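*Asks:* Residue numbers (my numbering), protein chains in the order written: chain A, 1 to 268; chain B, 1001 to 1288.
Simulated from the structure, these hints should not be mistaken for lab results. For clarity, every value in this text was computed on a predicted model and none was experimentally measured. We put the CB at the ideal spot given by N, CA and C, even for glycine. Don't take every hint at face value.
Stated by the list, open to error - Which chain B residues face chain A? A few, computed with CB under 7 Å, are given here:
#, residue
1, 1008
2, 1018
3, 1029
4, 1031
5, 1104
6, 1107
7, 1111
8, 1133
9, 1239
10, 1244
11, 1248
12, 1251
13, 1266
14, 1267
15, 1271
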Amino acid sequence: MRARLAGAFAVAALSVLPIVWMAATALKPPGEYVSGSTALWPRAPTLMHLEALAAARVWRLGLNSLVVTLGTTLVALAASLPAAYALARLSFPRRLDMAFLVFILVVKLTPPIVLAVPLYQVLRGLGLLDTLGGLILAYQIYALPFAIWMLLGFVRDVPVAYEDAARIDGAGTARILLDIVFPVMAPGIAATAILVAVAAWNEFLFAFLFMQSPSGFTLPTAIATRINEDETLWGQLSALGLLASLPILCLVGIVHRALTRGFAGGLA
Amino acid sequence: MGAARLRLLLLIGPAAAILCLLSVYPLARLLVLSFTDSDHGLAGARFVGLENYAELAASRSFRVSARNTVWFTVMATASEVLAGLGLALLFDRAFPGRRALTLALVAPFVLSTVVVSAVWRAWFHYDIGFLNVALRSIGLPGVPWLFDPDLALGSIVLVDLWQNAPFCFLILAAGLRAIPPEVTEAARIDGAGAWRRFRDITLPLLAPYLFIAALMRSLDSFKLFDKVYAMTGGGPGNATETLSMHVHRLAFRYFEIGLASAAAIVMIVVAALLAGLYARALLKEGAR
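Construct the entire structure; sequences and hints are all you get.
*Replies:* Structure representation (structure tokens):
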């Protein structure tokens, strides 16, 4: 028992150590982090890196990230909720539902870089290259297959009897969805939304390829471009990393619950 | 069209339309591009047949990136599933503070890969990185984590392990919870030791979860891009160049769209084979 506890503490400490290091480095003057000491906590804490970020108006990039995250989540839910309901409940001609699910799996396993080349040309053709709307659209390639797959399990858990009762009372499909099915599966919808949002907030490849003007960068793109600028500009880099991580770390309990719910709902 | 068909179309139409626009059309376009010498779009591109594929087959850099990708996928998947199994077993019994420690474990997994790469790149710094400073402080020599071509990809596996072992941990913990305690209890009463209970009961019952964890992790490792881009840029030399990096380089640096498309098609085929292999294994497992 004691050994188990010690082991659990040790791995948990190893797990958060790099994150603690990042938080501490964000508050260290440059002299401290290039001095070659393993001291984690800053001796003379400073806000200079955060101030430098504020001066560079980094909050605008945070706003880009936020817009893309919310937009991606809303669009994904709006499209995937009805689709998941149809796949779970309605009969499709010629097993088209199975075909659709296989298709979704294929999309899910396609490496994003593979789609990047032709998607770039599609977005350019639609005039959506270098726009947040275009990025939100491109993110559906990750978000939709994931959301449909996860929501499918939650729709199946809604008792059919509820729907039948409403149908006898004369309710149409839209009424049934909005008044009965969605409220009953609300925790599942919330879990799905959280995971889609986290993935969109963290995404790098498409943001990096499709948003070319620096004013349209999301936080991960801003971090990646800074990594290569100066090899040891760690204070600002850590401060930026901290800003990009704090919202998610604050929600880690909710994210964990969403993941657990997802695995129980047959996500894996 | 009947009312039922119309309803179906309205419900699934938007999702299907978006996915077609974002995947079916681009994939078809990709396939066509892979048979051309395009450097931009389809306009003005010349049909060259299988020339791009032949060029890839003969290309040393493509072979190196394929080998690196396979090596990384195998090493990352194996280490993450094993570590996840260890963590799931460690956290399977209730103890004070378990929930908080679980969250500490999950934290790296929810962070952006770019943030993770930024921190670890700093940690791997040869002169003043946290790891080498710590090693030297206990009298050991520093390790050229990202400078040594023989070590660099292994160092990236280490980062991937730190970030993604929690994912395997969550899946396998769910698997352990699904094993009824009576089963292991009965074996204990019959005199089976801890190792035998693990080998003959826990492991077989956990097999489908191990499969899923390995499947998800290998499909994801196969796509490796962000970490390499942010930590080594594919170097030193091409020691950490992966297929994703290679396609990116061909398409967005050299504008060899035709060649990049052919490489992308090869990637899809390999990913599909990988998934198919797992699907067959899963079906067999289910049939037993």
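*Asks:* Out of the numbered hints, which ones does the structure contradict?
*Replies:* Going through the list in order, the structure violates hints 4, 9 and 13 and respects the others.
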